[in-house]
Amino acid sequence: MAFQTLDGNEAVASVAYRLSETIAIYPITPASVMGEHADDWAALGRPNLWGQVPSVVEMQSEAGAAGAMHGALQAGSLVTTFTASQGLLLMLPNLFKIAGELSPFCMHIAARSVATHALSIFCDHSDVMTARGTGFALLASGSVQEAQDLAAIGHAVTLKARVPVMHFFDGFRTSHEISKIAALSDEELQALVSHEGVEAHRARRMTPDRPVVRGTSQNPDAFFQSREATNPFYQAFPDKLEAVMDRFAEITGRRYRPFDYVGHPEAERVVILMGSGAECAHETVDWLVEEGEKVGVLKVRLFRPFATDRFLAALPDTVQHLAVLDRTKEPGAQGEPLLLEVSGALMEAWSRGERQTLPRLIGGRYGLSSREFTPAMVCAVFDELKAGAPKTRFTVGVRDDVTQLSLDVDSELDIESPKTRRALFFGLGADGTVSSNKASIKILGEGTDLYAQGHFVYDSKKSGATTVSHLRFGPLPIRSSYQIRKAQFVAIHAPQFLERFDVLEHAAEGATVLLNVPWSRDEAWDRLSVEVQRVLVERKARLYVIDAADVAEKAGLERRINTVMQVCFFALADILPKDEAIARIKDSIRETWGRRGPEVVRRNVEAVDSALAHLYEVPVPDKVTATRTRPPRVPEDAPDFVQKVTRLLLEGQGDRLPVSAFPPDGSWPTGTSQFEKRSIAQEIPIWESDLCVQCNFCAMICPHTAITAKVFEPEAARNGPETFEAVPETQTPELEGLDYRLQVAPEDCTGCGLCVEVCPAKDRTRPKRKAINMQPLAEHCEVEAENLKFFRSLPDVPRDRIPRDFKSLPLLIPLFEYSGACAGCGETPYIRLLTQLLGDRLLIANATGCSSIYGGNLPTTPYTVNAEGRGPTWNNSLFEDAAELGLGMRLGLNKLVGRARQLLEGMRERLPQGLYNSLTGPCATLDEVAMAARRKAVARLRDWLEDQQGAEMQELASLADELCPKSVWVIGGDGWAYDIGYGGLDHALASGQNLKLLVLDTEVYSNTGGQQSKATPMGAIAKFAAAGKETRKKDLGLLAMSYGHVYVAQIAMQSHSNQTTKALQEAESFDGPALIIAHSPCIAHGYDLVHSPAQQKRAVDSWAWPIYRFDPRRIEEGLPPLQLDSVRQKVPMKTYMQEEARFRMLELRDPERYERLVAAATEAAQDQRELYKQLAGIHFEPHDNPESGQGEGEQHD
Amino acid sequence: MIELTTRWLGLDLRSPLVVGASPLTDDVGALRACVDAGAGAVVMHSLFEEQLVAEQMAAHRFIDSRINMDAEARSFFPESEVFEMGSGSYLKRLERLRSTLDVPVIASLNGISPGGWTLHARELQDAGADAIELNLYDLATDPAETAVTLEQRQQEVVRSVVGQVSIPVSVKLSPFYSALPAFVAGVEAAGAHGLVLFNRFYQPDMDLDALTLSRELVLSSSAELPLRLHAVATLFNRTGLEMAVSGGVHTGDDAAKAILSGGTVVQVVSALLAEGPQALARISDAMNRRLSTMGYRTVAEARGALSLDNAPDSKAWERLNYARLLQGWR
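Chains H and D are the protein sequences, given in the same order.
The numbering used here applies: residue 1 is where the first sequence begins, and numbers increase by one.
The numbering used here applies: residue 1198 is where the second sequence begins, and numbers increase by one.
Among these hints, one or two may not hold up.
In silico contact screen, one side only, chain D against chain H (beta carbon under 7 angstroms); selected entries [to be verified]:
(1) 1262
(2) 1267
(3) 1269
(4) 1270
(5) 1273
Residues on chain H that point at chain D, a partial pick, calculated with CB under 10 angstroms [as the list claims (entries may be wrong)]:
(6) 465
(7) 596
(8) 604
(9) 1009
Everything labelled a hint here was simulated from the structure, so no lab data went into it.
Every residue, glycine too, gets a C-beta built ideally from N, C-alpha and C.
Make the full structure from the sequences, and use the hints.
What follows is the structure in structure tokens.
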């Protein structure tokens, strides 16, 4: 038997790939990886069981994938797919069809929460439970081994039974857990799969040689009977499944049953559940039985069709108390789905007389959105079953102080075997910690007899992300499907973690603690805070220290410390002889990076060789000597909600917050990112006021709003800190007399360096000194933090004083700051600029993607408010429907505006002199004078309304703010705009409504890891375009122009901010729909984003990214609507392409194909340029009766 | 018409005109046209140590370190895209040129350190290179490092490359040596078979508007030729190494002068970049006409006729030119 160490996704994909011919997919977390593996294997020509390379096709959405699956099944193909959550929901209509047509088909779900009040990428069963009525059989796996095995069983049984199978396992917990498993060979799969079943499926295919019609429309006289005609297939399913499971056991020795009972044979108390939680329950039951308890767990593998007889048979007759645990919530239901099935089965058995008594039955929810489910919680459930009057409905894992449903849990309980070694690693996303831990598990799993498990937890930041790796290994099988509670080894890979959270919370008694810190042996102990010292002393820990960053730096690996730390782990953990461990690490480096090139291997090996010489033990004294405590996680003057809720989320203690701490409807305050001081930069920009030319390019390009410019009255800054320097504003006549300052937010900067890159001001005698220069954070943090505080407190000058040109716009207050986007992100500056123009009058409908993660992922939000408390209001509905969400916002808003005007009209005569006129005249969202006047008038109206009586008066008071115009913007990426949301985007444009759509085009699905979209350019390598994209990028702008009533612009802010600011303002002032497509440099392009301004300029100059504006208003002026802002092709396409890894990789992989696609991309650009030049020369006769902007209740009078 | 066949580094060339190392060698079609126009051999652009290392490390930094850092994005490129960023693509191109062109293909190696790097020489040989042109350059910025140390290091690099391969190795030099003949003697002693004189650099220029440095490839002109002619004429018969003139050959007369000064082969680059492959035919025809008008039957006869040893007024090569000019004035 071959053992492999892999994660659930790979284990499942490997089986599904080998048993399929057609694979239609669409990326969605946490299932994307399965599709990526399939795509990769297909690109490498790996065959399936029948010697063919499966067709792997990425569709425009899961709905599209489902349609393609349905079609492939009808053509007689063996089909699979991988999805989760909303993706599964989008497939539902086709799933009913596929089941209705009794097509053998097996799909795999990495189960994930369905978005409700919030999106969550984490695990529960709300997605698969939503699909339980489709007619699919539902099979549940609880571990990586089971996921692989039941995947095979699922494919095998559907061919025998014709009932399609939905195989699910827990997202992240199982899909991303690395585990040592017995891998299924091709021969084993061959032996399992029914070739008659394959033939029978093929024989039912649609062919004109034996024509049938399917998918008819049926009337009341036929439909019902047809549905009932499928009953025998469902009745037979459990038998067939059991037969396949028996066959599987014969082949592999691993036995599964539709219901697997584990525990005391005469158990009195039993819990029933499915998924990875059942593994934890299994481990706990084993322990409790050892302790003498009569308990057991029933693992449900087959949820649908629910096999009542088998369920009853599996349950020990001695059971008196049953608890059913569901990992989903169905608000308002009598119980969650598994509970209902169980209670129905028991009731039926009783009513049929098969049972004389019924066990007492209670049901609870656990583990929503990957909430931890631990042995202590299982014990809490068993304890509850013992109670005289147990809670019939309960929750476990949260503290419910609102409806009192939760069970109390003994958080100290630890039942893990001491034979299982446990190690925790705190790493930074980019330092390679997770990668090297995955390598370590492989080394241990495949090089020894030990069992091994790795589970990885990531925060939601895209820059300076924190990762926590949980590694277990030992001689016993590992069923612990929860995070490590007591670790014998704790490694802290970045010094800042010591100051940010309680990294030693889970250090066991006598644990070995390894720190990567730039400290000498002598100073290390004294540098630690009271909290850290206390744990080390109390738990008698051994402390080891290494300056891994220095070792890595010297080996030429910059700050990639992972191999250094990996060596230390093996040296200290004492699992393998040191020399053997080091040899294996080197092998794994060669295996992983050998193909990248000898230098990468050489440097990593050098780091390995020099690591141990720098590792030293620091004696832990018997008492705490420090006086310094860990700094508070949020400033003491932060608002109450931030102190009570956000702080705990930031400290990684959110689990401890009770239900009452949370808003029940998902509404959260904005403006909280300012309290999350992450200090992730090594160097930050420091201003040299003598050189500054006040161009504001730095503030314009900063992706994190970490460098901002402000003008203010000189007196206002009189009481600032001593170091608060300011200079007279000299560049803008309108701002004469004001002072100017450039301010860095030292703890929010990511150190990307873009600001310095674009700074044009140089010291004439030493031009390498610019007006801003990167300097060590440590030297400037304190001073600049103080300055920033004062800077933020300075009052803004009236908005109408600041000219609306690209150099002055950055002086407006940004209402989007300090997001968690990647260092150098090319998307965020567009959003920041939008909030500077319109922030206090802006509603945002945001598609799911990077912009919804850095824009709205807890714990903090970057959208913020101005001094009046106004700022963008934001919502993310789904990936596919942002345009519709925005359109709905616009329509709904219009009705409220209409009602407010109607009410105002009704009291026109009674209003104070002049008020009516000042509330109804023209007022454009970009006209600051008019806006300020309108806000004043609304305030006057409110004052007046306060003294008035009557329902209409009150109603108007609540709607008065709508008399100030608002702007609705839809924001999303190219995956949304070009693919999954294109239909809605197109419809929103066609609606003619006053709605603006901003497409942040990174030319791939960035958030899920670089899958191709229809925006991916020709010649680029992306996931699902591993050979380089063959076809041209879709010209979304041209499609939108074809309507004639849509304002369209394509922009490139990093290199052409002047054109960008014009386009944004023209779009906003246009009374109708506008589409703006924004070139967004992204880490998925594979180059150092500090060069993105130059690279984007190449994109524009080569016509890879032409910039233009199409303004229908120009037709009325007798002008062509299209203006090209980059007319000539100034550099060859190749000059642009050769600078990005996504193109360069194709050149390395296949130089001839690269040359061919470069030539084709060049031609495509030429064609587009020819077409656009002609369009830009078109002259329309002005219409007699212009019809622009059909928006109801228009905002721009 | 004179006989053009030439022996260079032990290879039989049908013409002394050779396509020098340049970006042109990425363009197979253009190279084929050059060969059709009469080129005797082609030299590939350099396999750059610095560039290979930089690219590998950039990939490690901007691709590999973005793996496993995010819950949603496991990575940003397909897994199968982890492939060699070493010399592989250069070697593939070399193999392709070898199979496409019916003239010798000389690979070029540009290293900054002795040691592991020179192992690439073996790869070039195994991929079918007919010879290796080793490009030596060192930018001295350290006041503590003497010319002697630097020159010894360079000769060490030559020795280590020559030691790796059985094919001939020519060495391409920069013009900046205070005692060129002595250095060349060291290169010869290190085992080299030929010299290429001289390298032209991407010379940084200044952008006065932006107050920055700019880097552009400036094509050579015939004005750069005399420096080469002088060196070749001086070294002719003073070194056992065959010499190639590289830099400033734009006309048939330029090529003829290169031969007459003592060059065995004449490398052409800028003229081809400016004019395309037809420049080679033009230069070849004109050189041929010129040398045959002068009465030479073979290029070998013409070689070195105006070298320091053979020229009628050979002192001109040794004296600084102003002396000659002063005489003329008087």
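Going down the list of hints, with the structure as the test:
no.	hint	in the structure
1	1262	5 angstroms, holds
2	1267	6 angstroms, holds
3	1269	4 angstroms, holds
4	1270	3 angstroms, holds
5	1273	4 angstroms, holds
6	465	6 angstroms, holds
7	596	6 angstroms, holds
8	604	9 angstroms, holds
9	1009	3 angstroms, holds
Checked against the numbered hints given earlier, the structure satisfies every one of them.
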